[in-house]
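Novice: All chains should be modelled from the sequences, with the hints used to inform the complete structure.
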Amino acid sequence: MLLAMSGFKNSGCKHDVLRMRPDVIPNAHKGAIHALAYNSTGRYVLSGGQDKAVCLWNPATKVRIQSYLKHSFEVLAIDVAADDSKFASVGGDRNVYVWDVGGGDTICSFDAHTLRINTACFNSEGTVVASGSNDTTVKLWDCRSRNYAPIQTLSDAKDSITSVKIRGPQILTGSVDGRVRMYDIRTGKITTDCVGSPVTCVNWSSDGNRFLVSSVDNYVRLFDATSGKLAQSFTGHASCQFRATSAFFDNETAVASTSEDGRLYLWDTSSGKVKNTLSSKTESETAHSTAFALDTHPTQPQLVASSFKGTIEVWKP
Numbered sequence: 001m002l003l004a005m006s007g008f009k010n011s012g013c014k015h016d017v018l019r020m021r022p023d024v025i026p027n028a029h030k031g032a033i034h035a036l037a038y039n040s041t042g043r044y045v046l047s048g049g050q051d052k053a054v055c056l057w058n059p060a061t062k063v064r065i066q067s068y069l070k071h072s073f074e075v076l077a078i079d080v081a082a083d084d085s086k087f088a089s090v091g092g093d094r095n096v097y098v099w100d101v102g103g104g105d106t107i108c109s110f111d112a113h114t115l116r117i118n119t120a121c122f123n124s125e126g127t128v129v130a131s132g133s134n135d136t137t138v139k140l141w142d143c144r145s146r147n148y149a150p151i152q153t154l155s156d157a158k159d160s161i162t163s164v165k166i167r168g169p170q171i172l173t174g175s176v177d178g179r180v181r182m183y184d185i186r187t188g189k190i191t192t193d194c195v196g197s198p199v200t201c202v203n204w205s206s207d208g209n210r211f212l213v214s215s216v217d218n219y220v221r222l223f224d225a226t227s228g229k230l231a232q233s234f235t236g237h238a239s240c241q242f243r244a245t246s247a248f249f250d251n252e253t254a255v256a257s258t259s260e261d262g263r264l265y266l267w268d269t270s271s272g273k274v275k276n277t278l279s280s281k282t283e284s285e286t287a288h289s290t291a292f293a294l295d296t297h298p299t300q301p302q303l304v305a306s307s308f309k310g311t312i313e314v315w316k317p
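So the sequence shown is numbered by UniProt numbering: it starts at 1 and just counts up by one.
Derived from the structure by calculation, the hints contain no laboratory data.
Note that the coordinates shown come from a computational prediction; the quantities given were computed from them, not determined experimentally.
Check each hint, because a few of them may be wrong.
What the hints assert, rightly or not - Straight-line distance between alpha carbons at most 30 Å, and here's what the computed DSSO-like set of lysine-lysine pairs gives:
id : residue 1 : residue 2
1  : Lys316    : Lys165
2  : Lys273    : Lys229
3  : Lys158    : Lys52
4  : Lys30     : Lys309
5  : Lys189    : Lys158
6  : Lys309    : Lys52
7  : Lys52     : Lys30
8  : Lys62     : Lys30
9  : Lys62     : Lys165
10 : Lys62     : Lys275
11 : Lys309    : Lys62
12 : Lys189    : Lys229
13 : Lys165    : Lys229
14 : Lys275    : Lys316
15 : Lys165    : Lys189
Specialist: Printed below as a string of structure tokens:
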């Protein structure tokens, strides 16, 4: 499989994230790119956009390796299984597609949601995929079964589900109702944290002890997963209309986020202070654009970002 090839190795060298530069892939999609996802090595990137296509890229050479065409509406989210053999894509057509990376065909598809699907995430084994929708539910699907009904539906949210992340037996969800819910599938326990503004993105730390939350009030927040207490907050970016995406960066020493002012923001995780802002655009272009999707490299201080205009930016020191 293409995605299973070995990637870059961490040399242990210190990198200067204050001097990051972009490699731009122009016209990667026709229209906005809503989804970006590295594979487990960071050697390849998948993108999905308004043009209904999912594309596989080598970001180092800027070459498009393959396109995956099945969606009838925009693609809004992509998640790659841990073994890199398959990925899930979801969007406006209310379908969950699970794809074979190398073959380019769908392995299975699920269609029980009644409104558009905003997010998807595999479990660590790649056997179960979770999807979250505007119909306010999270559904869990068994990728090995011939029964295409959901194996479980989580229906506690009062508004659209915008983000889902699975770590072990725990499922973290974000909703427009302003709440982050943590489900423990083993015990059946649900923990709810109220952010107070619509949540657009959630992300686990690597050890599962903390999680990031982006919301439509110009804040990214870091919470302690056990106590639910606020550990740090990050602001300075613009997030009041569109779906902001945030992620841990550079061995979790930094936090990265998209912004409606067209820039990417990097904060120091410990202090909450802005370390850097990134933009490949001129000042006039930046003022009328939005940094839309983002993903961070699994081992290196690199990230990919996209915009409404169909370009992909690969940022590295």
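Novice: If a hint holds in the structure, say so; if it doesn't, say that too.
Specialist: To see whether the hints hold, each was checked on the structure:
Taken as a hint, the Lys316 and Lys165 pair is honoured in the structure, with Cα atoms around 26 Å apart against an allowance of 30 Å. For the hint linking Lys273 to Lys229, the alpha-carbon distance of about 19 Å falls within 30 Å, and the restraint holds. Restraint check for Lys158 and Lys52: the C-alpha separation of about 28 Å stays at or below 30 Å, so the hint holds. At roughly 8 Å between alpha-carbon atoms, Lys30 and Lys309 fall within 30 Å of each other, so this suggested pair holds.
Between Lys189 and Lys158 the alpha-carbon distance is near 18 Å, which keeps this suggested pair within the 30 Å criterion. A threshold of 30 Å between alpha carbons decides the hint, and for Lys309 with Lys52 the separation of about 15 Å falls inside it, so the pair holds. The hinted pair formed by Lys52 and Lys30 meets the criterion: a straight-line CA distance of about 9 Å does not exceed 30 Å. Proximity of Lys62 to Lys30 is assessed by CA-CA distance (about 16 Å); at most 30 Å being required, the pair is judged to hold.
Proposed proximity of Lys62 and Lys165 is supported: the alpha carbons are some 29 Å apart, at most 30 Å. Using a Cα cut-off of 30 Å, the hinted pair Lys62 and Lys275 holds, with the two alpha carbons roughly 28 Å apart. Of the pairs offered as hints, the one joining Lys309 and Lys62 holds, with about 17 Å between alpha carbons and a cut-off of 30 Å not exceeded. In summary, the hint linking Lys189 to Lys229 is supported, as the alpha carbons are separated by about 18 Å, within the 30 Å threshold.
At roughly 19 Å between alpha-carbon atoms, Lys165 and Lys229 fall within 30 Å of each other, so this suggested pair holds. In summary, the hint linking Lys275 to Lys316 is supported, as the alpha carbons are separated by about 15 Å, within the 30 Å threshold. For the hint linking Lys165 to Lys189, the alpha-carbon distance of about 16 Å falls within 30 Å, and the restraint holds.
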